[in-house]
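4 protein chains.
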Amino acid sequence: MIVVFKKDAKVTEIEEMKKSLEDKGFHIHESQGENHYLIGLVGDTTIIDPDVLKAHRIVEKVIYVQEPYKKANRRFNPLDLVVDVGGHKIGGGYFSVIAGPCSVESKEQVLEIATKIKASNAGLLRGGAFKPRTSPYSFQGMGKDGLDILIEAKKETGLPIVTEIMSIKQLEKYHEIIDVVQIGARNMQNFDLLKEAGKINKPVLIKRGMSATIQELLMSAEYVLAGGNNNVILCERGIRSFQKEVRNVLDLSAVPILKAKTHLPVIVDPSHATGSWQLVEPMAKAAVAAGADGLMIEVHNDPDNALCDGAQSVKPEKFDSIMKKIAAYIELEDKILN
Amino acid sequence: MIVVFKKDAKVTEIEEMKKSLEDKGFHIHESQGENHYLIGLVGDTTIIDPDVLKAHRIVEKVIYVQEPYKKANRRFNPLDLVVDVGGHKIGGGYFSVIAGPCSVESKEQVLEIATKIKASNAGLLRGGAFKPRTSPYSFQGMGKDGLDILIEAKKETGLPIVTEIMSIKQLEKYHEIIDVVQIGARNMQNFDLLKEAGKINKPVLIKRGMSATIQELLMSAEYVLAGGNNNVILCERGIRSFQKEVRNVLDLSAVPILKAKTHLPVIVDPSHATGSWQLVEPMAKAAVAAGADGLMIEVHNDPDNALCDGAQSVKPEKFDSIMKKIAAYIELEDKILN
Amino acid sequence: MIVVFKKDAKVTEIEEMKKSLEDKGFHIHESQGENHYLIGLVGDTTIIDPDVLKAHRIVEKVIYVQEPYKKANRRFNPLDLVVDVGGHKIGGGYFSVIAGPCSVESKEQVLEIATKIKASNAGLLRGGAFKPRTSPYSFQGMGKDGLDILIEAKKETGLPIVTEIMSIKQLEKYHEIIDVVQIGARNMQNFDLLKEAGKINKPVLIKRGMSATIQELLMSAEYVLAGGNNNVILCERGIRSFQKEVRNVLDLSAVPILKAKTHLPVIVDPSHATGSWQLVEPMAKAAVAAGADGLMIEVHNDPDNALCDGAQSVKPEKFDSIMKKIAAYIELEDKILN
Amino acid sequence: MIVVFKKDAKVTEIEEMKKSLEDKGFHIHESQGENHYLIGLVGDTTIIDPDVLKAHRIVEKVIYVQEPYKKANRRFNPLDLVVDVGGHKIGGGYFSVIAGPCSVESKEQVLEIATKIKASNAGLLRGGAFKPRTSPYSFQGMGKDGLDILIEAKKETGLPIVTEIMSIKQLEKYHEIIDVVQIGARNMQNFDLLKEAGKINKPVLIKRGMSATIQELLMSAEYVLAGGNNNVILCERGIRSFQKEVRNVLDLSAVPILKAKTHLPVIVDPSHATGSWQLVEPMAKAAVAAGADGLMIEVHNDPDNALCDGAQSVKPEKFDSIMKKIAAYIELEDKILN
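Protein chains in written order, with UniProt numbering: chain E, 1 to 338; chain P, 1 to 338; chain B, 1 to 338; chain A, 1 to 338.
Incorrect hints may have been included.
Dumping the calculated DSS-like pairs for lysine-lysine here, alpha-carbon to alpha-carbon at most 30 Å [claimed, not checked]:
id, chain 1, residue 1, chain 2, residue 2
1, B, K10, B, K24
2, P, K116, E, K6
3, E, K261, A, K54
4, P, K324, A, K335
5, B, K89, B, K154
6, B, K89, E, K325
7, B, K325, A, K54
8, E, K7, P, K244
9, P, K324, A, K324
10, A, K324, P, K261
Selected chain B positions facing chain E (in silico; Cβ < 7 Å) [unchecked claim]:
id, residue
11, F242
12, A289
13, A328
Think of the hints as simulated: they come from the structure by calculation, not from any bench.
Ideal placement from N, C-alpha and C gives every residue a C-beta, glycine not left out.
Looking at chain E on its own, in the form it has when it is part of the complex (with noise of 0.2 Å):
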């Protein structure tokens, strides 16, 4: 961490910054220019709120060099996570493919999409139970039906679920019957629900804010890494931007660069990103081709009278034919999809 000092800071001001650093157990090195003169910090400084020295009235800036993050940071974890679940493998390799309906409707809406993705080859299963929806009039979900619905797909074909939660409440009566707890863009950083998922044995699938940077996904992420709940699988899904032609602009270049700062394996959500099914295969190959290590999709089996998000939602045969496609792409990666 670099400090840079204002050109009117007094010696004495600065030099009780420097002694209070100091005390904290940091190295200063100096560095006097023709304008300005700053000090780097030795030491771990992932312990400093910059928020705290940048609000010295004699700092003119303060610059990270070292990242904020610890657990998250792959200089410190160069293997790549395997998240395991059930058996189904994520990361590290393996390409897995989440696929399901947008919210759970009836049991034979999520049985019927589930047999047929299981026949396509996802590797688990999606459905919304808790809807995060804009408007207070528009349908919210099944709830506590929908999971039991859920739960009855995965005992039929196998698959495990993946399914959001929205409050603490919901996460501590039902984290034990989920495979894998989402925490949706809008609450990445609901921190008190991260701090919750930190607590708890089932891997956690962080779905990045509308406006998040790639530091504050790995810092979301932290929160729950941070909590003892080492099984976190981050998510791109589109970010806001002017362009008006989709619902947001899928930011794949946030694949490579994420893959690159941490071990955690990073998934990719073409049906949010986009708000169009015409879009989801050419940005699920290109997910694929950008290094994700999975794709999460969904599928309808009549999405002309889904509930929600059906614009988005591609048929089960348009899903078949998307997984074969990608098939090839995932093998040119080297990786195995399971």
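Given the coordinates of chain E, work out where chains P, B and A should sit on it, guided by the hints.
Leaving out everything else, chains P, B and A in the frame of chain E:
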């Protein structure tokens, strides 16, 4: 709501959809263009989820004419809402300044700040007891002890208190001792929390999410209003952008736009938006001139040693000088500072 | 085009506008809702400036149904355009890789790079003679001498050359000796330059502006096409965002969206988008998988000492390895590398 | 400038780079951290292209401490620049309002508007003779005839004229008859045009590009200043964002930031930013309160029939009322309207 059909939509499919919409009580106007066929729906379209229509394979696009919010809509509430916080008024010509430290750090700190901002004519005291922090290693707030300090400061000064609540549990436990419940930007779409906030009997201040549209902010307010709580205050606090010189870009055009669309009071937080105390004064004045109903300003007695966000906090003396300057602007706007 | 009138618009005013539109040859469909009155225009609406309609005080909003571009519209050009550059083909199943240094620095440099990229199966040589630089103190390009070097490299290798033109004067002087005229991102809306580019007999490659929408890019192409030049290539090169880890966010969803809306070839520049050579390979592969018709990749023999953009340039050996890897992806996409 | 080296950089490579920098006259300060080795450069770093340093494979990042602009830098020009346009002053306490139609449409139109805005105390007349339009099918301006009309209006009213120039050819032909040469947002990084603008003897008003950072805007000003033209005025006119309710988000925080970084006058264009005449008044007042040195406001005598941008134009009577309202704000800011 206008539904534009695809060129290759079959007549039978269109007729089927029209029938289903008429069954829901809508009147339908048709228009056949050279390249497009479209229908207009007449009726209360807030009950339709446009996603459901868009999902139909025969639909090219769905265009809103009517807003999807009702209780937050000025069309149905022509008069400005005046929120009354224990006699202190916000909105409808009453201008209100909420001031205080980012986080509660000690009794001495809060009492000193509260006494000083009261002397400078602030109307409410803010202070964070539960803090949403990007890093799990940063100071997370004093919790319940922090609330107790705020309440003591209220007793001493008479200033009602505004504080952020981050989870349903906290809301249930503490809403009775708080005067205004703040929902932070990161929780603007924590819909479970918004639903609970709709059930309490205290004003709710909702901060705009970092990449929330105006309509999404109003839909979040609609969640609270739909729950039965009529007292909602909106707060613009900057949006994410490529601009690197400020933490967020303060979107002051949101103020007159919101004032036209809703009857709810709209306040502005120049401290969090800019992240820089030097910008608080010009942006506070600009907010008043843009038509805001109030301001939220971070004040710290010793920003150099603040545990959080010191860089954006002004000292009490600076706050006093800002209050003196904006008084003239408030008067020009024909509003009453209280 | 749909025109929604304000609630308080007078019947006489509406009738006046309707008459004026009918006089322009439009048929008008009317629809009276509960809260809104709207009309649909049937006819060639590209001749109407929607701003002119929006300006009327009685108009609430104007909604496009038809796209405002004609010559760039796939609706009227269902077949893919194949741009032929001296026998080398781009689009319609032909995949093309344009490679070379950011700027021409010396004859030795360009000849060495050109020979190597030719050996690696690049189809065209790029190199900047006129450089748009943010700082007036940065290297501005070798100018005419740079062009001469490119032409010599073309003679040696047979590779057609692609180079940026920054002004009408340069276009007039040099378009005859250039094979593909590049309009840079910063000049995407330099309309006077686009108009002149419409008059020449050489293919024009237009790079998407840093905050240009898909429609704006297509309208810039329309300028060139409307001038009589049918050979336009579009290039996605990243858009501005809050994301700090990359220079720009590569918007790969733009590829399938553009391919659906226009018959023009669409290529991708992963070098300028990301600003980082490490990201070129994954993003190049992803671009192929997303359906791009070609790539533009910066290659430098000595990036450590490049006069411009060295950080995003790959070395010839790395380029060779990228070409080998993407070959398999191009084949999967059923395209022919030439 | 600080250069952070990669962990695996070899000592010999680092020594080589240090030597090369010392040869360029820099003093070097070193700092060895636990995970990083970095050096600080002392000297005039504006002569170094940071891209060139970043390109070195041993460099992890390059951090600016000093700004890359000199002539636009307040550090070297502590006093506000007052631009004098034929006796009319902008900056340094003089507040200036530039008003007029988006485009010149007829002699009658311009004379009527000019007379009225003069009566309302506008200081300069604006009007477009050459218009940058997104569509090639939209009205492109009256050209030279439009300039003649502006000059006639100047003769009648005494108001100096501000008009946009889109190409070097236009600049060469017409700069002598124009009082303030405007470079539009889309041409902010048309560097060839900026260079030519540096050679003329007329003030240049540069509008901020739609996704330009503060620093890029200052670098564009630096192009003009470096050419020898000292009279540059900057104009904030809104930036691109996900916000759909306005055309662009007016970034008023840019005003105090620019005023701190440069001595050049900063004005605000609320008309183009918002795209909506209803928002002009609140944003104009807010701009004054934020510290702007002037405003640029579109006024049209008959916006319903304007050939361009009518939706954002106010009528002369509304303009008069805005001028009366902002007068009080200008006075509060201790500025003189001229």
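Hints, verified against the model:
1. B/K10 - B/K24: holds, 22 Å
2. P/K116 - E/K6: holds, 29 Å
3. E/K261 - A/K54: holds, 19 Å
4. P/K324 - A/K335: Holds, because 18 Å separates the two Cα atoms, which is no more than 30 Å.
5. B/K89 - B/K154: At roughly 17 Å apart (the allowed maximum being 30 Å), B/K154 and B/K89 satisfy the hint.
6. B/K89 - E/K325: holds, 26 Å
7. B/K325 - A/K54: holds, 27 Å
8. E/K7 - P/K244: holds, 22 Å
9. P/K324 - A/K324: Answer holds: P/K324 to A/K324 is near 23 Å, not above 30 Å.
10. A/K324 - P/K261: holds, 26 Å
11. F242: holds, 6 Å
12. A289: Hint on B/A289: holds, closest Cβ of chain E at ~4 Å, below 7 Å.
13. A328: holds, 5 Å
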